[in-house]
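A.B. asks: Top to bottom, those sequences are chains U and L. Using the working numbering, the first residue of the first sequence is number 1, and each one after it goes up by one. Using the working numbering, the first residue of the second sequence is number 1, and each one after it goes up by one.
Fair warning: there could be bad hints in the mix.
Going by beta-carbon spacing under 10 Å, a handful of chain U positions derived as facing chain L [said to hold, decoys possible]: (1) 91; (2) 143; (3) 172; (4) 175; (5) 221; (6) 231.
Just a sample of chain U residues kept apart from chain L, beta carbon distances all over 10 Å, derived [as the list claims (entries may be wrong)]: (7) 51; (8) 151; (9) 164; (10) 232.
Chain U residues, not near chain L, derived (Cβ > 12 Å throughout) [as the list claims (entries may be wrong)]: (11) 38; (12) 80; (13) 88; (14) 114; (15) 144; (16) 159; (17) 163; (18) 174; (19) 219; (20) 228; (21) 234; (22) 261; (23) 275; (24) 276.
By construction, these hints were calculated from the structure, which means they are not laboratory data. Note that CB positions come from ideal geometry on N, CA and C, so glycine has one too.
Below, each chain spelled out in residue letters.
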Amino acid sequence: MATLTEAPPPLTPAAPEKKAKPPRRRGRLVPYWLLLPGILWLLVFFALPMVYQASTSVQTGSLEEGYKVTWHFATYWDALSEYYPQFLRSVLYAGSATILCLLLGYPLAYLIAFRAGRWRNLIMILVIAPFFTSFLIRTLAWKTILADGGPVVGALNTLHVLDVTSWLGMTQGDRVLATPLAVVCGLTYNFLPFMILPLYTSLERIDPRLHEAANDLYARPVTTFRRVTFPLSMPGVVSGTLLTFIPATGDYVNADLLGSTDTRMVGNVIQSQFLRILDYPTAAALSFILMAAILVMVTVYIRRSGTEDLV
Amino acid sequence: MKTTKDTTTAAAHGGDVRLSGISKTYGSFTAVHPLDLTVPEGSFFALLGASGCGKTTTLRMIAGLEEPSAGTVHLGDQDVTALPPYKRPVNTVFQSYALFPHLDIFENVAFGLRRRGIKSVKKQVDEMLDLVQLGEQARKKPHQLSGGQQQRVAVARALINHPKVLLLDEPLGALDLKLRRQMQLELKRIQTEVGITFVHVTHDQEEAMTMADQVAVMNAGRVEQLGSPADLYENPRTTFVANFLGSSNFIEAEIDSRGGDGLVLKAGGGKLVLPEARNSASTTTGGKVLVGVRPEKISVTHADEAGEIPEGRNRITGRIADSSFIGVSTQYVVDSPVCPEFEVYAQNIARDPRLVPGAEVVLHWNPAHTFGLDATQDIDAGTEEEAAV
């Protein structure tokens, strides 16, 4: 005891003084150090490419002579006036696919959240399972599914569905492959999980007692859905539609593999401008126009759906 | 279960809630055993019991949120057993309030009116919010209110529909003690003001006693006893009721003879008198009886002054094992040959300084405060020790 009590005193008064300051300074800097990898990542792989692409979009020249920044903003106008049909088509296809995803995904997400019971995890795995195969292979598989004279097309023909879609301009004759419908089908299929997951998350958070309360307050099941469940699932609807619509608008794989030259989307144009025609300024300008268009649409959409004061 | 349906229908008042032979089973588990219960119109009725005793299930069957496995639910003359909740003239105040988070207070309260197609709701909603003193908060969202305010919104949201019955599922469970006391009075005031039948589910015996006109004590899916709070407290029929409402001391005794004042019982070496009207056990000589007495009915006298105790009082001897002073009263635990841990609450009027642990005492009480129960029951039923197991 005696040795113990004698030894520590010189240490204890000195230690707090020495240690008191450094940890605090280091403590203040720690968050920034932790942020550094992320900031660097964004700087190198997002900010710099954006600047580079912006400068590319206002360059002129040719591949042989090299490109120079000449602040040639007319590229934007030229690109837009030449490729606006592809832009509109992109929005139309992506919009249709998003609506189809919502119509297919909502009941499924509802089922998983409220009715599945012990099957919940199994169904969730089935929703995610397609991700275990490559995006390309899954899209190519749709070529077989929608093949001319195949069972799907045959069934649609017998049911006279193709008459309706042909009238709408979505298919041609008794073909589905290489038509807008095929592209929309591919987009819907590929982005469906991105709709279901956020929908499920927001539905699952709804207290089932709210359904009981609505029921108790004279709301029939349909009214309960319209007045309680659906409004409360709006955050999921908004994030699901965004996660579907944004990548679907820029997608080119589905249009490439399942469509034809008549179904080219803006993604296909950008891809060929960059990789085949090697007209970098036009490709960069198209990319910026696409980004700006999506940004405007998304902003308007979020404002109008008014989900900020939910949660 | 009995075939008294026709006679009860004739006797029933316009707005009584009548449960006949109602039961609920989940697989092999029986949550509520066949149950007959009538809640008189305009009364404040409490279903009291520990968690899992079937009281909430019973309430939910009245609301229509749970389908009974057997039996019927009547509201007045109307058989509502087959009606879905949105067609029943009944509203519920849920345990966690279940306010709609996306609607403001005004719209929460107006919800029921709007669903019934009533267009001009403003006046009614404003009046209702005034009744629960939340007029200022109409445009706030539920999460911006405190627990007590949310609770009042839940009550307003249900009451505005003028239901035949208001069902309250542990409505005060989430509030702290002080607020709970305040809300108890508040709910009682509202009930008196609107005159609607309230069926209140609670596990808090004090809450049930202070608020309700009638209490049904439930245990393991059965109603143990039904009556006014004072009646249940003074004349418990089972050890569960005796222990769940307040606390009781029990002495195992044997019937010796029948005297002028009631049954004379043998317990240990002494004799106890039990009025026959207060005995729910057998009355045959030699039959076993559990003699009960509430701790606050008992007087403690030091053994040296045993002679001063008036004649005709029930008495037992013992030694003080423990005493604790809690302001208005002193609680003694007395070891007696007839009962190991006899509880006594003595009011602090004139404290005898000799009454300390180790002192020999005589416990005595008026025989009229004695009650007799069937000796085959578990003495500890309904105590906290049993609940903890």
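A.B. asks: If a hint holds in the structure, say so; if it doesn't, say that too.
C.D. replies: Going through the hints against the structure:
Annotation: residue 91 (chain U) was flagged as interfacial toward chain L, and the flag is violated, the nearest CB pair being 30 Å apart, outside 10 Å. This hint is violated: residue 143 (chain U) has a C-beta 44 Å from the nearest C-beta of chain L, more than the 10 Å allowed. Violation of the interface hint for residue 172 (chain U) is found here, the shortest Cβ-Cβ separation to chain L being roughly 45 Å, above the 10 Å cut-off. Using the Cβ-Cβ criterion of 10 Å, the hint placing residue 175 (chain U) at the interface with chain L is not satisfied: the shortest such distance is roughly 46 Å.
A cut of 10 Å between beta carbons decides the hint on residue 221 (chain U): the least distance to chain L is about 8 Å, and the hint holds. For residue 231 (chain U), the interface hint holds, the least distance from its beta-carbon to any beta-carbon of chain L being 5 Å, beneath 10 Å. The claim that residue 51 (chain U) is not at the interface with chain L holds, since no C-beta of that chain comes within 10 Å of its own (minimum 42 Å). Listed as outside the interface, residue 151 (chain U) is consistent with that label: its C-beta sits roughly 43 Å from the nearest C-beta of chain L, beyond the 10 Å cut-off.
Every CB of chain L is more than 10 Å from the CB of residue 164 (chain U) (nearest about 38 Å), matching its label as outside the interface. With a least beta-carbon separation of about 6 Å from chain L, residue 232 (chain U) fails to lie farther than 10 Å from that chain, contradicting its non-interface assignment. Look at residue 38 (chain U): its CB is around 32 Å from the nearest CB on chain L, clear of 12 Å, so calling it non-interface holds up. Taking the minimum C-beta to C-beta distance to chain L, about 40 Å, the non-interface status of residue 80 (chain U) holds against the 12 Å cut.
With a least CB separation of 35 Å from chain L, residue 88 (chain U) remains clear of the 12 Å interface cut-off, as annotated. Non-interface status of residue 114 (chain U) relative to chain L is upheld: no Cβ of that chain comes within 12 Å, the nearest being about 15 Å off. With a least beta-carbon separation of about 45 Å from chain L, residue 144 (chain U) lies farther than 12 Å from that chain, consistent with its non-interface assignment. For residue 159 (chain U), the shortest C-beta to C-beta distance to chain L comes to about 36 Å, beyond the 12 Å cut-off, and the non-interface label holds.
Every beta carbon of chain L lies more than 12 Å from that of residue 163 (chain U), the smallest distance being close to 42 Å; the non-interface claim holds. Distance check for residue 174 (chain U) against chain L: the nearest CB is about 48 Å away, which clears 12 Å, and the non-interface claim stands. With a closest Cβ-Cβ approach of about 5 Å to chain L, residue 219 (chain U) is found to fall inside the 12 Å limit, against its non-interface label. Interface exclusion of residue 228 (chain U) from chain L breaks down, the closest Cβ pair being 6 Å apart, not more than 12 Å.
At the 12 Å boundary, the C-beta of residue 234 (chain U) falls inside the reach of chain L, the nearest C-beta of that chain being 8 Å off. With a minimum CB-CB distance of about 47 Å to chain L, residue 261 (chain U) clears the 12 Å threshold, and the non-interface call stands. For residue 275 (chain U), the shortest C-beta to C-beta distance to chain L comes to about 48 Å, beyond the 12 Å cut-off, and the non-interface label holds. For residue 276 (chain U), the non-interface assignment is confirmed: its Cβ lies about 50 Å from the closest Cβ of chain L, beyond the 12 Å cut-off.
Hints 1, 2, 3, 4, 10, 19, 20 and 21 from the list above are not met by this structure, while the remaining hints are.
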